[in-house]
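In case you want the letters, here they are:
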Amino acid sequence: MASKLSLAYFLSGGCGGCDMAIVDLSETLVDVLPHLEVVFWAPTVADVKYKDFEAMPDNSVDVGFYSGMVRLGEQEHIARVMRQKCKVLVAYGACAALGGIPGMGNMHSKEEIFRTAYFDTYSTDNPEGIIPQTRCVVDGKYELTLPEFYGYVRTLQDVVPVDYFVGGCPPHHSFVGQAILAILQGKLEQPGTWITSGKSVCDVCDRNPVLKGKEREPIKEIKRTIEGIPEEGECLLEQGYICLGPVTQGDCGSLCPKVNIPCRGCSGPIPAVEDFGLRAVGAIAGLLENEELVNHIPSPAKLFYRHSLPASLLGKKVR
Amino acid sequence: MVAVKKIEINPMTRLEGHGKITIFLDEQGNVDNAFFQTVELRGYERFIRGMPIEEVPRTISTICGVCRCVHFTASVKAADAVYQVEPTPTARKIRELVLNSHYVEDHAAILYALGFPDFVVGPTASPSERNLIGLIQAVGAETGKLVLKKRRAAVKVIEMLAGKPIHPVAALPGGWSKRVTEEERREILNLANEMVELARLTLKVFEDVVLKNKDYMELVTGDVYKVVVNYMGTVDEKNRVQYYDGTQQIVDTEGREIGRFTGKGYLDFIAERVLPWSYLKMPYLKPLGYKGIVDGPGTSLYCVGPLARLNVAEGMDTPLAQEAFEKMFATFGVKPVHYTLAYHWARVIELLNAAEKVKQIAADESIISPDIRAKLGKPSEGVGIIEACRGTLIHHYKTDDSGVVQEANLIVATTHNKGPINVAVKRAAAHFIRNGKVDEGISNLIEIAYRPYDICLACATHVLPGRLPVEIDIYDHRGELLKTLRNF
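Going down the list, the sequences are from chains A and B. By the count of numbering that gives the first Met the number 0, the first sequence reaches residue 318 at its end, each step adding exactly one. By the count of numbering that gives the first Met the number 0, the second sequence reaches residue 487 at its end, each step adding exactly one.
A couple of the hints might just be wrong.
Said to hold, decoys possible - Which bits of chain A does chain B cover? Going by a derived footprint, with three or more residues having C-beta under 8 Å, they are:
no. : region
1   : 126-136
2   : 273-280
3   : 298-312
These are computed hints drawn from the structure, not numbers from a lab. Beta carbons are placed, not taken as given, at the ideal position from N, Cα and C, and that holds for glycine.
Turn these sequences into a full structure, and let the hints steer you where they fit.
Structure follows, in structure tokens:
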């Protein structure tokens, strides 16, 4: 193992779950810390000043982890600074890599989102029809400003070149540990790839009939998770529950199917897939006994593109 | 123009969901007014429309990865109500196991990462030392390891029962997707013992570091960090603190009951005023009418969270927590307690309570019953209310007759506290900024005013708790920048 690895970490437009996955490394974290020199970790853990980070020589930091999607100017700025300073840049977690769940916001305009938040919600009290403003004067003397609300969510790759991608919403802490170890030991594939075993969720799923030497039965009906109780140990897809396991990286260890809940693709696409949702639609369609079944899948766009709309070929709602 | 100077405390500026504090000084350089602004909005209420309600809990959980189990739990309770169904007793107990385990890991994380560094390292210490890594260095790697190891027990229970340790998946309307085996029940019971040990250790650290330190206690009980508002929290039929379910109780600044509600009744008590200067709306108590951003008797502002819950309740439902509850109120000698730094104390008591509850439930052999799913009724509309670690969380959905979401309304913990946080910041600023003098230590002390609320703007706009980098810009009366202080 090389001497200390220098690390920069930035939480952008995310929920903090990816940070918590690192905290969840628990006592392993205390063991890993001596091997890391944290030069920047904003905003959650360490307070290294922006200007100190900006003043570091280019390519002076070994690895940068960027978590969360990109929507605001500041987020884009730090993405660019991180790219300059870091030898290796990692899009860490579903939001940075694919846009994540907040990426579903790309299906709606700013006007729709504002109307819901400030007019249409039940407990909203807005007698004067106010919409928050980027600049306003309160009581005739206090001038206050807000940043512009940006309409679209972008992935890190949309802003700067990314060396490695890590999937998961968030990645499971044990996989985070493996990924950090791979980086510490310099065991990475060529840049532009995902840090993954390459296996799908199905490849590691106890329910997979193929692993039991059987063939997968076609899907004969579509069921929602509220309908019926899945047979223990049997493939969820065969039982009619749409599961995105076939096209999703299995580095999570198939956590959702283990508790009888189908996969929604948070770990990102298996290798060589560009558009997760398209590939998922294709994979599921190929398993349906007849085409008519497609009509029984509720809100397919928000199912197949649950975690990856901004990274898709479409990216956002076209007007 | 009265305001001559404008100070902006700008946490990491334009990060998703981060807040911003702008302070106006008068001609003498004293505080004239202060505004706590929220600068982001993500639109969950809009984009979950069109999704089947059973897909909502696992999706809407991503509002916050720190509050990893709360949006999930509130939304599945709302989904129960949408389908006019009560979860089976077993399913309810499993949900309580998960929520209480989350309380243990979250309260522990917040206390060690956020609360204790202020006291262990000292409230005016450099921000670069007041963080989790600094604390681990201060207390020693072995102690750090021990705390993290015991906290891991809670995370493990969540994963075991709910699928993923962060953004869980196993909740379904009317129940739970996975049953508990006897082997798992025994393991959870062992893990619960570790959680109780963690809680007792944490209470001891709090007593040693804060309660035994005269200077800190003066800070805790001083008027600088005192905000006089109403309080709301969930109680059971014996008026004890509850997290998963119960009745919402609201008390006034003197502790007298203002009202009680469940479910859709929230609309009779809470309204959210839209402000032109913040993306976050500001709730107030509807029966009292909108009275602006002021505290004191008669205010329509109210607080939620650990201190609020203890203020509205008459006790805790587990023995060790009850003992700690009594000690806290005996120490202050008043109820409700309006000192915001008491939030940390209340958090320690709840940590103990939650750990004890996990142990109680895990000791109940009936949780291994296979009866984990109840039959659903016809879907329409439903409200789910829980106490998240940071306070009351309300999810409200309306669906079509196939259970697809048509409308959604969310009121999260930090949102309820918006008004009181604004008051707290203004009060601390007025105390520490005199004649235009603002130094870095002062900005830390102002931050301490809002930190006990454990502001979770990831939830509210849907920021992360943690020390927020802060920028203070000072303008003179001509609007020219005199000085900038930054810690990021």
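A quick look at each hint next to the structure:
Against chain B, the region 126-136 of chain A contributes 5 residues with a C-beta closer than 8 Å to a partner C-beta. That satisfies the three-residue criterion, and the hint holds. With 0 residues bearing a CB less than 8 Å from a CB of chain B, the region 273-280 of chain A misses the requirement of three and the coverage assertion fails. Note: the region 298-312 of chain A has 4 residues with beta-carbon separation from chain B under 8 Å; the three-residue rule is met and the coverage holds.
Consistency with the previously given hints fails for number 2 only.
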